[in-house]
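Single-letter residue listing:
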Amino acid sequence: MSAIFIMIGASLLLAIGFLIAFIWSVKSNQYEDDYTPSVRMLFDNTTIQENKQETNNKTQKTK
Amino acid sequence: MKIQEISKVKTTCYHCGEEVVDHHYNIEDKEFCCRGCQTVYEIINKSDLCSYYDLEHNPGINQKQEVRKGKFDFLDDAQIIKKLTHFQDDTHQHVIFYLPQMHCASCIWILEHLNKIDSGIIKSQVNFVKKEVTVIYNYHESSLKKVAEALTIIGYEPHISLNDVSASKVKKYDTTSIVKIGIAGFCFGNIMMLSFPEYFSLAKADEVGLKKWFSYLNLVLALPVFFYSASEFFISGYKGLRQKFLNIDAPIALAVLITFGRSVFEILSGTGAGYLDSMSGIVFFMLIGRYFQNRTYQTISFDRDFKSYFPLGVSVIDTEGIEKQISVSELKVGNRIKIHNDEIVPADAILFFGKATIDYSFVTGESLPVEKSIGEIVYAGGKQTSGAIELEVVKEVSQSYLTQLWNNEAFKENKEEVKVSFIHRISRYFTYALFSVAISAAIYWSINDSSKIWGAVTAVLIVACPCALLLSATFTNGNMIRILNKYKLYVKNASVIEQMSEIDTIVFDKTGTITEQGKSEISFQGQELSSEHSQLIRSLANQSNHPLSKSVVSFLPFTKMLNVKNYKEFKGFGTSATINEHFVKMGSSDFVLGKDAHQLTSGSRVYASIDDEFVGYFIVKNAYREGLENIVSSLGSQFDLKILSGDNSSEEGFLKNIFGNQSEMLFEQKPEDKLNFIKCLQNSNKKVLMIGDGLNDAGALKQSNVGIAISDDTNNFSPACDAVLSGKNFTLLKELVNYCRRQKTIIFASFVLSIMYNIVGLSIAVQGEMEPVIAAILMPISSISIVLLTTGMSSFYELELKRLITDKSHQ
Chain A
0 MSAIFIMIGA SLLLAIGFLI AFIWSVKSNQ YEDDYTPSVR MLFDNTTIQE NKQETNNKTQ
60 KTK
Chain B
0 MKIQEISKVK TTCYHCGEEV VDHHYNIEDK EFCCRGCQTV YEIINKSDLC SYYDLEHNPG
60 INQKQEVRKG KFDFLDDAQI IKKLTHFQDD THQHVIFYLP QMHCASCIWI LEHLNKIDSG
120 IIKSQVNFVK KEVTVIYNYH ESSLKKVAEA LTIIGYEPHI SLNDVSASKV KKYDTTSIVK
180 IGIAGFCFGN IMMLSFPEYF SLAKADEVGL KKWFSYLNLV LALPVFFYSA SEFFISGYKG
240 LRQKFLNIDA PIALAVLITF GRSVFEILSG TGAGYLDSMS GIVFFMLIGR YFQNRTYQTI
300 SFDRDFKSYF PLGVSVIDTE GIEKQISVSE LKVGNRIKIH NDEIVPADAI LFFGKATIDY
360 SFVTGESLPV EKSIGEIVYA GGKQTSGAIE LEVVKEVSQS YLTQLWNNEA FKENKEEVKV
420 SFIHRISRYF TYALFSVAIS AAIYWSINDS SKIWGAVTAV LIVACPCALL LSATFTNGNM
480 IRILNKYKLY VKNASVIEQM SEIDTIVFDK TGTITEQGKS EISFQGQELS SEHSQLIRSL
540 ANQSNHPLSK SVVSFLPFTK MLNVKNYKEF KGFGTSATIN EHFVKMGSSD FVLGKDAHQL
600 TSGSRVYASI DDEFVGYFIV KNAYREGLEN IVSSLGSQFD LKILSGDNSS EEGFLKNIFG
660 NQSEMLFEQK PEDKLNFIKC LQNSNKKVLM IGDGLNDAGA LKQSNVGIAI SDDTNNFSPA
720 CDAVLSGKNF TLLKELVNYC RRQKTIIFAS FVLSIMYNIV GLSIAVQGEM EPVIAAILMP
780 ISSISIVLLT TGMSSFYELE LKRLITDKSH Q
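Line by line, the protein sequences give chains A and B. Per numbering that gives the first Met the number 0, the very first residue in the first sequence carries number 0; after that it's consecutive. Per numbering that gives the first Met the number 0, the very first residue in the second sequence carries number 0; after that it's consecutive.
Just to be clear, a hint being listed does not mean it is correct.
Claimed, not checked - When the alpha-carbon atoms are kept at most 20 Å apart in a straight line, the in silico SDA-like pairs for lysine to any residue are as follows: (1) A/Lys-26 / B/Thr-174; (2) B/Lys-129 / A/Ser-1; (3) B/Lys-129 / A/Ser-27.
These aren't lab readings, by the way, just hints derived from the structure by calculation. Computed from a predicted model, the values in this text were never measured in an experiment.
From just these sequences and the hints, can you work out the full model?
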C-alpha cells in the first residue's frame with residue numbers, strides 16, 4: 000500500500016510544479032497582451048529581410 | 000464602355016490607401032496622396048523598413064495634417080520627463096506611449112523596429128490590445144522628445160494628454176483574480192481526486208489509515224481556497240453587513256464558512272470526510288463567473304475627464320517674445336500663450352493677436368465654428384481652426400469654465416453603489432427562505448431526534464448556497480457583454496445592462512450625436528455651374544477661413560486655384576474679389592443680391608454671383624446620421640424621446656419633422672442645464688438613457704441612469720460614460736436596448752432551474768443524512784447546467800437580434 004503514498008505524493012508535487020509555473024506566467028504579465036505575440040512570431044528576422052533586399056538589388060542590377 | 004471603366008479605377012496612395020487626387024507626389028511607380036505620406040515613405044525606405052508595406056496593403060496613416068515642428072518641445076522639461084517615464088537608471092529610460100493610430104500587423108512591425116530610425120532607441124515593444132508601445136532608450140544618445148518625434152515622422156504621433164501626468168500611474172493589469180482562479184481550480188481537482196475512495200467506499204476496513212491520510216491532505220489543499228481564493232466573498236459580505244445591507248456575497252460567505260467549519264470538524268474528529276470538494280468547486284466556478292463578467296473591453300476608458308482631452312504642453316511667450324513650451328498645469332493667470340492651428344485652448348483666455356475661429360462643437364455642441372475678435376474671451380476646450388493666435392490667460396486650467404462642470408456632485412458619487420441590483424434583492428429573499436427552512440428542520444429534529452439537529456441545519460446551509468444565483472448572473476452578464484461588444488456597444492460593467500433594461504426615456508444630444516461629427520451636407524441650387532464658374536467660386540472661397548467657405552471648397556470639384564486680386568472680406572456678410580477679370584462675390588443674400596431672401600428650410604445659405612449676375616446658392620446643413628428617421632420612428636413607439644442641444648435652434652423645424660411635435664426639444668443648453676434637465680426627469684420617476692458625444696454632455700451622461708457616448712472612432716476621446724457605442728451602429732440602438740432587456744428573463748430562467756436543484760438537495764439535507772458524494776455530484780451538475788443555460792439563452796437571443804438587424808438592412 001505504501002506505493003500509493005509515494006505515487007500520490009509524486010503526482011501532487013508534479014501538479015504543484017505546474018501550478019507554480021502557471022502563477023509565474025500570470026505574475027510576469029504573459030496574459031496581459033494576448034494578441035501581439037501571435038503576430039510578432041510571424042515576422043521574418045530583420046537580418047533575413049536585409050539579405051533578401053540585397054539579393055533583390057543584385058538581381059535588379061543584373062537586369 | 001471599357002475606356003470608361005478604366006478611367007474609373009482610382010489610384011490610391013501607396014502609403015495610406017487614400018484616393019490620390021493631386022498627382023504630384025510620386026517616387027518611382029508609387030503614388031502618394033500628399034507630401035506627408037511621401038516623406039514617411041522616404042524615411043521608411045531609407046531605414047530599410049519596407050517590409051512595412053509587404054505585411055499589409057497601404058498600412059500607413061494619412062499625413063495630410065502635418066504635425067507642427069517643435070510640438071514636442073515640452074518633452075525636454077525635466078519635470079515632465081520625470082512624470083512620463085516610469086523607469087530610469089544611469090543610461091536608460093523607459094516610457095509608454097499611447098498610439099491610437101495603431102491598427103494592423105504592419106504597425107506592430109514598424110514600431111518594434113524603431114531603433115532603425117533612431118539608434119538611441121534600444122528596444123520597443125508593442126501592446127496591441129492597449130495600443131501602447133513601451134520604448135527603452137539611452138537618454139545620453141536620444142531623448143524623450145526625440146523618441147516622440149521619431150514616432151511622429153513615421154506617422155504615429157503619440158497621444159500625450161494632461162491626464163498622463165496628473166492622474167495616478169497606469170492601472171496595473173490585475174493578475175490576482177486569475178491566480179485565485181488557478182489556485183481554486185488546482186485544489187478543486189486534487190481534492191476531487193483524493194475523495195474518490197470516499198465516494199465509492201473503496202477503502203477496506205484495514206485501510207482506514209489511508210483514508211485518514213487522504214482527508215488530512217484534502218484539508219491542507221482546502222486551506223488556500225478558503226483563506227485566499229474565497230477571501231473576496233468574506234470581505235465584500237462583511238462590508239455589506241457593516242453598512243446594514245445584505246448583499247449576495249454575505250450568504251455565500253456564510254455557506255463557505257459553514258461548509259469549511261463542518262468539514263474541519265468531521266475530519267479532525269474522524270467522523271467523516273467533509274464537503275471540501277464541493278466547497279472548492281463552488282468557489283472555483285464563482286470566481287470564473289466573476290472574471291468572465293468583469294472582462295470588459297480593455298482599450299476603452301470610461302472614466303475620462305477633461306484632463307485627457309487637454310494637451311500636456313502649451314507654448315508660452317515670455318516678456319522678451321521668446322516662445323517656450325511649458326506644462327499646461329503650470330499655466331498662470333497673465334501668461335501669454337500661443338495656440339497653433341488645430342490646437343485646443345487649454346484655459347480661459349483673452350484673444351490678443353491673430354484671427355480666431357474657434358470650434359466649440361465638442362465643448363458646447365455648437366455646430367459651426369465661432370469667430371472671435373481681439374479682446375474677446377475664448378473659453379477653454381475650443382479648438383482653433385484658422386492659423387496661430389496669441390492669447391492671455393485669465394483663469395487657470397483648474398478654474399476654467401469647462402472644468403467647473405466636474406465640481407458638480409454628480410461626478411462625486413459612484414453610480415454602482417447607489418443603485419442596487421435586483422440580484423441582491425432576490426438573494427435577500429433567498430436568504431430569508433433558507434433560514435426558515437433551516438430553522439424548521441432544527442425544530443423538527445429537536446422534537447424527534449436531537450442528535451440530528453446539527454447535521455441537518457449545516458447540510459441545509461451547505462446545499463442551498465445562493466451561488467447558483469451568482470453564477471447565473473455573472474455568466475449571463477459576461478456573455479451579454481461579449482455579444483454587445485460584437486455589435487460595437489462597449490459597456491463599462493455588468494450593472495449597465497440591468498440599468499439599460501429599465502429605461503423609458505431617451506435623451507439625445509444633437510451635434511455629433513444625431514448629426515455626424517465634422518460633416519455637413521451641402522447642395523447647390525441654381526443654374527448648373529460651368530467648370531469655369533465653379534473654378535472661380537472655389538478660388539474665392541479658398542481665400543476665406545470661414546467654415547461655410549471651407550465647406551464650399553470641399554464641395555466643389557478639385558481644380559487648380561486661380562490668382563485672386565482685390566480680395567475683400569466683409570465680416571458677417573461675405574467676400575468679394577476679382578479673379579481672371581471676373582468680379583466674384585459670395586455671402587449672405589443681403590450682400591450678394593442686395594435684398595433679404597426669406598428662408599423656409601433649415602441650414603445656412605451661401606449666395607454667389609459672378610460679374611454681378613446671380614448664379615445660385617449653396618445650402619449647408621448639418622449632416623444627420625443615416626437612417627435617423629427610421630430609428631427615431633421605431634424608438635418613438637417604445638420610449639419618450641427628447642433632444643437637448645447646445646446649438647442654436649436653426650434646425651428645430653427639421654427635427655420636429657422627424658421627431659414629431661410632442662417630443663420635447665431644448666436648444667442652447669449649457670452643460671449644467673443638461674445635467675439639471677436629466678435630474679428633473681429622474682425626479683419625476685423617469686429612467687433616462689442619455690446619448691451624447693462631447694464634453695458638454697459629460698454631466699448629463701454621468702447623471703443619467705445610462706449614459707452612452709457615441710464615438711465614430713473608439714480611439715478618440717469620449718467623455719466619462721457607462722457605454723460607448725460606435726457611430727456606425729447608431730441605427731441598432733433599439734435592438735441593442737431590447738437585447739439588454741432579455742437579461743432578466745435569462746437570469747430568472749436559470750434561477751428557476753437552480754431552485755429545482757435546491758428542492759432536491761434540500762429534501763435530502765433536511766433528513767439529516769447527506770452523503771458527501773451527493774453534494775459532490777449535485778454541485779458541479781447544477782453549476783454546469785446553469786452555465787450552459789445562461790450562455791445558451793443569451794446566444795439564442797443573439798440570433799433573434801441578428802435576425803432583426805438583417806430584416807432592417809433589407810428594408
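Violations among the numbered hints, reported as their numbers in ascending order: Checked against the structure, the only hint that fails is number 2, while the rest are satisfied.
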